[in-house]
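Spelled out, the chains give:
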Amino acid sequence: MSSSILQCPACGRVLYFSHRETNVLVCNCTEVIKRDLSGKLSLSTVKIIPDPSEVIQPGTNGIWEGKTFKVTGRFRAWFEESVFNYWTILFNDGELAYLGEGYGLYSIMKKTNAYEGNAANFVRTANIGSKRELNRKQYLVEKNFKCSKLEVEGELYIPEYNIPFELFELSDGNGHELAFFEFRSGNVVPFEAFYVPFSSLSFTNTRNVSPPPKLTNCNNCKRPMEVRAFPYSQSYACKHCGSHHEFRTNNFRSTGDRNSISDGTEITLGSTGVIKNITYEVIGFALKEEKNQERSRWREYTLYNKQEGYAFLSEYNGHWIYVREQASAPVMLGGATQQTLIYKAETFVLFNRYGYEIINASGEFPYNIFNPEGTDVREFISPPEVWIQENNKREGITWFLGEYIDGKDLENNFDFPAGVPLKSGIGAVEPKLYISTPKLVMMALAAMFVLMVIHLVIDATKQKRPVIDEIFRFPDSVTTYTRVTEKFKLDKWRSNLEFEIQAPVDNDWFELGINLVNAQTGTEYTLSKGVEYYHGYSDGESWSEGDRRETAYLSQIPAGTYFLQITGIRSSSFSLMDTYRLKVTYDVSNDRNMFFSILLVLIWPVIQYYRIQNIEKLRWSNSPFSNE
Amino acid sequence: MNWNAFNKGSALFPFRWFIIFAIAVAGLMTYADMTGWRLFSFSNQQQWSANGPGYHK
Chain D
9 MSSSILQCPA CGRVLYFSHR ETNVLVCNCT EVIKRDLSGK LSLSTVKIIP DPSEVIQPGT
69 NGIWEGKTFK VTGRFRAWFE ESVFNYWTIL FNDGELAYLG EGYGLYSIMK KTNAYEGNAA
129 NFVRTANIGS KRELNRKQYL VEKNFKCSKL EVEGELYIPE YNIPFELFEL SDGNGHELAF
189 FEFRSGNVVP FEAFYVPFSS LSFTNTRNVS PPPKLTNCNN CKRPMEVRAF PYSQSYACKH
249 CGSHHEFRTN NFRSTGDRNS ISDGTEITLG STGVIKNITY EVIGFALKEE KNQERSRWRE
309 YTLYNKQEGY AFLSEYNGHW IYVREQASAP VMLGGATQQT LIYKAETFVL FNRYGYEIIN
369 ASGEFPYNIF NPEGTDVREF ISPPEVWIQE NNKREGITWF LGEYIDGKDL ENNFDFPAGV
429 PLKSGIGAVE PKLYISTPKL VMMALAAMFV LMVIHLVIDA TKQKRPVIDE IFRFPDSVTT
489 YTRVTEKFKL DKWRSNLEFE IQAPVDNDWF ELGINLVNAQ TGTEYTLSKG VEYYHGYSDG
549 ESWSEGDRRE TAYLSQIPAG TYFLQITGIR SSSFSLMDTY RLKVTYDVSN DRNMFFSILL
609 VLIWPVIQYY RIQNIEKLRW SNSPFSNE
Chain P
1499 MNWNAFNKGS ALFPFRWFII FAIAVAGLMT YADMTGWRLF SFSNQQQWSA NGPGYHK
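Protein chains in written order, with the numbering used here: chain D, 9 to 636; chain P, 1499 to 1555.
Certain hints may be false.
If you want the ones that stay clear, here's a sample from chain D, every Cβ over 10 angstroms from chain P, calculated [said to hold, decoys possible]:
{"hint": "1", "residue": "D477"}
{"hint": "2", "residue": "G530"}
{"hint": "3", "residue": "T531"}
{"hint": "4", "residue": "L562"}
Here are a few chain D residues that face chain P, going by a calculated C-beta distance under 8 angstroms [unchecked claim]:
{"hint": "5", "residue": "E532"}
{"hint": "6", "residue": "T559"}
{"hint": "7", "residue": "S563"}
{"hint": "8", "residue": "N601"}
Keep in mind the hints are simulated off the structure, nothing from the lab. We put the beta carbon where it would ideally sit given N, CA and C, even for glycine.
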């Protein structure tokens, strides 16, 4: 890593750039110093970030893909309705990259030369939602932000210092994400973006400062407004008079609209609660209404955690969904007509599509909630999860992942002065019995496979040892004939004996009485088995029934020394059947156990399948995309 | 992957009772296979003890 020592043009302090590419540094005298390509320093007019309070700070260390990195500084970009940080990070091998951070989303962004030339052409005609080819791959343009203001902290790299600049975010649907910064027309700096969860970066030396709220006054009632998550919260509805405010030119300014202050909030604004081990503060509430025939209304609570960003709790008819914005999300190259999406092998089906308007609001919101015009929302469900796509011209395509959450769990964790509302009907992603058919089939197949493996493993240990294999002959003029065999040993704790009886009966029957006697204890196990075979010709057709070969079993016979007392009985002393063969095999396998077990284990999936079908009919009766 | 089927966050949660049921069936089959028991067999096998039922004082 190369470095150079220079002097601050304002105060003369020695300045140290820790990387050859970092080109902006905040001096201790609070002046922002630029370094040009020749190494010359000059003062910049860009502002430093006042009261920085983010978890990450210059000096924070982290790990990504096994490589350690150090954060040196950042620029904070103010877009139309959002604010995002681009932290400069230096890996231990000298590589410089960005750590994109904001709203609980984190991404490692590495500069790439793979799109030189093509990138500038690409952004020239790029529109949100357009599908374009780049380096022989299809990319969807998901976002196009215009940055109107920059602020800096620490030591950082910024390719070019020009305001305003534009940012394009593209995705190819296979996890390949790109961010193109266009600082000037024709000068596009492409980055590859790798979205990661906060916890995977193993940060150390983080900042532990509570973010100072932005204090201002309502433009209408003049009473104080406290914006807890500033600058990330970009709109505010006065809790006292319901006046709507949006952040413009350095302050919250009234939009001129207001709503009722009897807002119907069920959770106390300002209270805290825990969801999935994340402690959130409830900072906003909105009552939204679908702009369609149903005019369905739902309540939406804005939650905030400094580290994890924003989340939302959406409540409709007592059914709750916990929603978070996702950077790593599906890419719908099929456009607006696409009715299903597959994400991580899970199929999500279009359940609802709507625009919405705000009926009531109170508190703060991470975007301009008062300007939902032109927002197209599509919900794809796979209970208990839902992917929500919000698409508008200002913010581009934003994906949220929602998960059904039990109202009772929320009641234990949040402040509901009047308790959670009662549930009615079935929620769009209520998991009630829901299992997708492919998963049900997979689970049934897995259970069958396990049963087969267990059975085959046990089968491999079977002795299948012949004990007796002998032909017995009836003396003349005798219908009943008893024989006693030699003794034999059975050595397993418990096992079975298979008796295979063959008798040449012809329109006749034969019966064998089997008496297995334990020579030591005298315990007897008895069994009888008939062999019969009849055939003939009647009504122009040949027929037959029975068989000349039958099999019988003695089960669960304990170990010991045994002998057999076998009694053959034939129909008459004149019967032509005068011999029979008996083959006795010890410790044989029993495939019917496996087949019956499989049948037994399939009972649950079959019943469940029919129950799920009934529930799904109810669920989809609330959807305009139902096939019913 | 959370393998605890009784944890609501687990993908196996909807299958928790099926897993219990399948384990029970697998256990039954294993016992039957190991001891030579034919499941659902209604044979006329009978057992007689040399001592007979009951006991002498």
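The hints, checked one at a time:
1. D477: holds, 19 angstroms
2. G530: violated, 3 angstroms
3. T531: It is violated; T531(D) is separated from chain P by about 5 angstroms at its closest Cβ, not greater than 10 angstroms.
4. L562: violated, 6 angstroms
5. E532: holds, 4 angstroms
6. T559: At 11 angstroms from the nearest chain P Cβ, T559(D) fails the 8 angstroms test, so the hint is violated.
7. S563: holds, 5 angstroms
8. N601: holds, 5 angstroms
Against the hints set out earlier in the document, violations occur for numbers 2, 3, 4 and 6.
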